[in-house]
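What follows is each chain in one-letter form.
There are 2 protein chains.
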Amino acid sequence: MAAGVKGKKMTEGSAHKRTRGGGGSARRAERTSFKIETAKFIERNIPNFEILTEEALEIIETNAEVILEEVGVNFVNNPAALERWRQAGATIDGERVHIPRGLARQLCSTAPSRFTQHARNSERNVEIGGKTLVCAPVYGPPFVRDVAGGRRYATIADFQKFVKLGYMSKWLHHSGGTVCEPTDIAVNKRHLDMLIAHMTLSDKPFMGSVTEPSRAQDSVDMCEILFGKDFVQQNTVMTSLINVNSPMTFDDVMMGALEVYAKNNQACIVSSFIVGGAMSPVSVAGTLTQVLAEVMAGIAYSQLVRSGAPTIFGAFVASIDMNSGAPTFGTPEASHILYGAGQLARRLGLPFRSGGGLCGSKLPDVQAAYESSNTLNAALLGGVNFMLHSCGWLEGGLVSSFEKFVMDADQLGVLHHIAKGIETDVNAQALGAIREVGPGGPYLGCAHTQENFKSAFWRTNLLDYKPFETWQEEGARDTATLAAERVETLIQNYQQPAMEQGISEALTEYVLRKKASIPDSFV
Amino acid sequence: MAAGVKGKKMTEGSAHKRTRGGGGSARRAERTSFKIETAKFIERNIPNFEILTEEALEIIETNAEVILEEVGVNFVNNPAALERWRQAGATIDGERVHIPRGLARQLCSTAPSRFTQHARNSERNVEIGGKTLVCAPVYGPPFVRDVAGGRRYATIADFQKFVKLGYMSKWLHHSGGTVCEPTDIAVNKRHLDMLIAHMTLSDKPFMGSVTEPSRAQDSVDMCEILFGKDFVQQNTVMTSLINVNSPMTFDDVMMGALEVYAKNNQACIVSSFIVGGAMSPVSVAGTLTQVLAEVMAGIAYSQLVRSGAPTIFGAFVASIDMNSGAPTFGTPEASHILYGAGQLARRLGLPFRSGGGLCGSKLPDVQAAYESSNTLNAALLGGVNFMLHSCGWLEGGLVSSFEKFVMDADQLGVLHHIAKGIETDVNAQALGAIREVGPGGPYLGCAHTQENFKSAFWRTNLLDYKPFETWQEEGARDTATLAAERVETLIQNYQQPAMEQGISEALTEYVLRKKASIPDSFV
Chain A
1 MAAGVKGKKM
11 TEGSAHKRTR
21 GGGGSARRAE
31 RTSFKIETAK
41 FIERNIPNFE
51 ILTEEALEII
61 ETNAEVILEE
71 VGVNFVNNPA
81 ALERWRQAGA
91 TIDGERVHIP
101 RGLARQLCST
111 APSRFTQHAR
121 NSERNVEIGG
131 KTLVCAPVYG
141 PPFVRDVAGG
151 RRYATIADFQ
161 KFVKLGYMSK
171 WLHHSGGTVC
181 EPTDIAVNKR
191 HLDMLIAHMT
201 LSDKPFMGSV
211 TEPSRAQDSV
221 DMCEILFGKD
231 FVQQNTVMTS
241 LINVNSPMTF
251 DDVMMGALEV
261 YAKNNQACIV
271 SSFIVGGAMS
281 PVSVAGTLTQ
291 VLAEVMAGIA
301 YSQLVRSGAP
311 TIFGAFVASI
321 DMNSGAPTFG
331 TPEASHILYG
341 AGQLARRLGL
351 PFRSGGGLCG
361 SKLPDVQAAY
371 ESSNTLNAAL
381 LGGVNFMLHS
391 CGWLEGGLVS
401 SFEKFVMDAD
411 QLGVLHHIAK
421 GIETDVNAQA
431 LGAIREVGPG
441 GPYLGCAHTQ
451 ENFKSAFWRT
461 NLLDYKPFET
471 WQEEGARDTA
481 TLAAERVETL
491 IQNYQQPAME
501 QGISEALTEY
511 VLRKKASIPD
521 SFV
Chain B
1001 MAAGVKGKKM
1011 TEGSAHKRTR
1021 GGGGSARRAE
1031 RTSFKIETAK
1041 FIERNIPNFE
1051 ILTEEALEII
1061 ETNAEVILEE
1071 VGVNFVNNPA
1081 ALERWRQAGA
1091 TIDGERVHIP
1101 RGLARQLCST
1111 APSRFTQHAR
1121 NSERNVEIGG
1131 KTLVCAPVYG
1141 PPFVRDVAGG
1151 RRYATIADFQ
1161 KFVKLGYMSK
1171 WLHHSGGTVC
1181 EPTDIAVNKR
1191 HLDMLIAHMT
1201 LSDKPFMGSV
1211 TEPSRAQDSV
1221 DMCEILFGKD
1231 FVQQNTVMTS
1241 LINVNSPMTF
1251 DDVMMGALEV
1261 YAKNNQACIV
1271 SSFIVGGAMS
1281 PVSVAGTLTQ
1291 VLAEVMAGIA
1301 YSQLVRSGAP
1311 TIFGAFVASI
1321 DMNSGAPTFG
1331 TPEASHILYG
1341 AGQLARRLGL
1351 PFRSGGGLCG
1361 SKLPDVQAAY
1371 ESSNTLNAAL
1381 LGGVNFMLHS
1391 CGWLEGGLVS
1401 SFEKFVMDAD
1411 QLGVLHHIAK
1421 GIETDVNAQA
1431 LGAIREVGPG
1441 GPYLGCAHTQ
1451 ENFKSAFWRT
1461 NLLDYKPFET
1471 WQEEGARDTA
1481 TLAAERVETL
1491 IQNYQQPAME
1501 QGISEALTEY
1511 VLRKKASIPD
1521 SFV
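Residue numbers (this note's numbering), protein chains in the order written: chain A, 1 to 523; chain B, 1001 to 1523.
Simulated from the structure, these hints should not be mistaken for laboratory data.
Be aware that a few hints might be false.
Below, a list of computed lysine to any residue pairs in the SDA-like style, where the Cα atoms sit at most 20 Å apart [unchecked claim]:
#, chain 1, residue 1, chain 2, residue 2
1, A, 35, B, 1323
2, A, 466, B, 1322
3, B, 1466, A, 224
4, A, 263, A, 224
5, A, 454, B, 1326
6, B, 1263, B, 1234
7, B, 1454, B, 1470
8, B, 1420, A, 53
9, A, 420, A, 127
10, B, 1514, B, 1184
11, A, 466, B, 1326
12, B, 1466, A, 509
13, B, 1466, A, 278
14, A, 131, B, 1184
15, A, 514, A, 503
16, B, 1420, A, 55
17, B, 1466, A, 150
18, B, 1514, B, 1224
19, A, 170, A, 455
Chain A on its own, in the form it takes in the complex (with noise of 0.2 Å):
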């Protein structure tokens, strides 16, 4: 596959040094002095946590391939599907397809176990499998929240915001999808409106429409516009949220949209979307199971559509609170799933998605912050190699709040230096400096401390880290607080990335007229 972008000109360098009319020159100084950077993908050099041993993860794949045989899964108002299932060895009844045992896993040795999804800006590439991980931003919320106007349905305003935050974090190398619902435009419409912001207002890869077939359609023309015809065909640029409608349903919606994407080489994630004891037996091994048999289903037919497409084997799992009913996060059932479906993936062979800032928290609070960062560190040690919802996510996914997005995203700068892991060449040692210093210290002047301590440790951007009586004077904030202020820095530095202007065009041309081809519809 290619490693340039076509359709981009000018670099993300020049971009940057540009500045635009409106503000005052204490605004651009500013500006000039903020640094846009983006962290490379992570690429893990520590081990994953695996949490089943062989025994088990040998009873679920056995149990995963009964369940395929016997039960079954239905693909639903769908029959090309079912001939496709049928023309494979699976034996159809009705809607029921009833998977030969070991033919999905066979059909799944052809997806990719790595691929790279490209970005406009060739520096945002991203691969995606094996050791890597990539942070995407929340997905889905019809809400928004900020401390200035609290909880309300979001817009496409909002929408355009997430998208310029995402594009100032430092640690957030996907510009993600929905990043909330823009209510405020019709349902049949809103996908090109935020594609157009993906692709305009941002440089880092993104996914695609999947409400849809038409609509994931309208995502792969608008890429040709932006990427080139050819170079859509030959490389993904997109990669797309599939759910599945558990347990064991494949809706023709969802089937739909990843038929386009698949006939189109766009990746696609097959997702179980699980609320444990709802959707899923109320055990994690049975959910595990579950979870095996529909993803194993979904990209088995990935492959039927187009053998080597790419595929990320999804699992987002919530377990639930037996008195409210309400889907929970950050609990320990979530994290033994996590896990466990991560050994499951790699088994496979395939790409993993789990994870993210998850929590049911109404505020970004210290619930929240429990919840996600839970779920942010198994998510890293459980191997997840595209983590939706990185940053962002609250109330059990109603709602994209604002300050949450850069507190998480804060973060995910921990996770990147974790999976460094640890050094240990001459320097790291620092031999020499125990012995400089010796017994009674300090270390904080010698040479190899003076050497190192600028890229020795992380450093938060959003926390506060001064001393009690200086954080006493500016105010005693916390940490909503200091958020919302550095959500205002941010969109107030937020610059553009440079697009040629016959791509911005044609975009918008490609916009104006689908939604103009078609009535608004709010259903």
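Take the given structure of chain A and dock chain B to it, following the hints.
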């Protein structure tokens, strides 16, 4: 070692059934319904996270031996210690002890890899070492903070309140030591008030005083009243914290306390106390080398005092913010050191202390939760056996927070459930449920769910899982507000565990007599 506990006649259960005067009938009814539980210490059924390769471990171990031999360690103001080292084969140069390669490791081999710390209620005994994890509360802060009163110097009343909270906390196995510094009591007498509080207000195991050898002796004497003299000499009833004055200095106060405890068969945590970059090299591998050298020297010394004395390999490690000089917590480098130190401790065959709900934040806010959660998760996976500061730590250890105490204590439940690992027996496999429910679901009503839901998922006692509307009607409380309410609930429902009157009187008499024997000192 005997399993029972001397000097305790009433059971925990009978104590809970008692109601005390002073409250109305409503309060009594609430008390009666309030369930006081203490979970058994954690026994992990999950693997440890091993971040260092065999080669890296050998480099660090080799370098630590080089340091001990060529650089050496200082034993200050302690001629008897120098003499012990000389007789063991070390070379003494002034107060510097040069330990020949292999000697420290060899001496460490007589320390037990796992030991029992007895509580006055034998149901609260803890095992420290191997795959266990024992959780103890925050240790050392001179300040306390709560929502109502803000930040202020700690008093003995605060101390007693924390001991009561610890007693009431299900996931806390240990009453700890200096849960806050009772600054309203003379420095030379406060250990007496702290000890009698742990002994009488809780029945969980606790820590002894280390601020003077004579205070360590008071701790032993009071334990002999509580447990019986023979029992104390034959069993471990205290685990106390001996910090190394890093780098590589062992002062006479701490070593004097260690000598008292080791002679009396009581456990010491020999703990490097390091802010990386200030008291150790700015690199992780260098810091691990120094930690290993220091802890080996300290534990080797404990074995020279009494071969077989129980010890714990301790690593308290923060990184440093090079801008402000402040210690920082929950950072990637701190996690690296925790994981690495755990491996080094296990290769020495010693129980391991690290971790806790460590944070630098001034408030129990999002920063506090992220930082604490990062460390709590690392501590579980990194194989920590004794976790001081499990709950209540705030502001880099300057503050004990009442709200954060119950916040963190709730999260310890997450660790308990993760540690259980994943069951794969026939019930957990849930094949029958998957067959029964089939594609489309739901699982909520199926037999397997009904039989298992009560025990399937961990459930918080603090966080809010309610629907948005209910939460809003109830006042839209954040976690700090919920925590403040929980503190009050626990304190209102507190009932002192019963104690034989003679023992209680003897302890009181000891404290009064000791206090009367010397004038107050506040330095």
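Structure-based check of all given hints:
For the hint linking residue 35 of chain A to residue 1323 of chain B, the alpha-carbon distance of about 18 Å falls within 20 Å, and the restraint holds. Taken as a hint, the residue 466 of chain A and residue 1322 of chain B pair is honoured in the structure, with Cα atoms around 11 Å apart against an allowance of 20 Å. Distance check on the hinted pair: residue 1466 of chain B and residue 224 of chain A sit about 45 Å apart at the alpha-carbon level, beyond 20 Å; violated. This hinted pair checks out: residue 263 of chain A and residue 224 of chain A have alpha carbons roughly 14 Å apart, not beyond 20 Å.
Taking the CA atoms of residue 454 of chain A and residue 1326 of chain B, the gap is near 15 Å; set against the 20 Å cutoff, the hint holds. Distance hint between residue 1263 of chain B and residue 1234 of chain B is fulfilled; the C-alpha atoms sit about 11 Å from each other, no more than 20 Å. For the given pair, residue 1454 of chain B sits about 23 Å from residue 1470 of chain B by alpha-carbon distance, which is inconsistent with the 20 Å threshold. For the hint linking residue 1420 of chain B to residue 53 of chain A, the alpha-carbon distance of about 14 Å falls within 20 Å, and the restraint holds.
Our distance criterion of 20 Å between C-alpha atoms is met by residue 420 of chain A and residue 127 of chain A, whose separation comes to about 17 Å. Only pairs whose Cα atoms come within 20 Å are accepted, and residue 1514 of chain B paired with residue 1184 of chain B is accepted, the gap being roughly 17 Å. Of the pairs offered as hints, the one joining residue 466 of chain A and residue 1326 of chain B holds, with about 7 Å between alpha carbons and a cut-off of 20 Å not exceeded. Distance restraint check for residue 1466 of chain B and residue 509 of chain A: the Cα-Cα separation of roughly 46 Å exceeds the 20 Å cut-off, and the hinted pair is therefore not satisfied.
At roughly 17 Å between alpha-carbon atoms, residue 1466 of chain B and residue 278 of chain A fall within 20 Å of each other, so this suggested pair holds. Between residue 131 of chain A and residue 1184 of chain B the CA atoms are separated by roughly 55 Å; this puts the pair beyond 20 Å, and the hint is violated. With a C-alpha separation of about 16 Å, the suggested pair residue 514 of chain A and residue 503 of chain A falls inside the 20 Å cut-off, and the hint holds. A distance of roughly 17 Å separates the Cα atoms of residue 1420 of chain B and residue 55 of chain A; the hinted pair therefore holds under the 20 Å criterion.
Between residue 1466 of chain B and residue 150 of chain A, the direct Cα distance comes to roughly 18 Å. Compliance with the 20 Å bound is thereby established for this hinted pair. About 15 Å separates the Cα atoms of residue 1514 of chain B and residue 1224 of chain B, which keeps this hinted pair within 20 Å; it holds. Of the pairs offered as hints, the one joining residue 170 of chain A and residue 455 of chain A holds, with about 16 Å between alpha carbons and a cut-off of 20 Å not exceeded.
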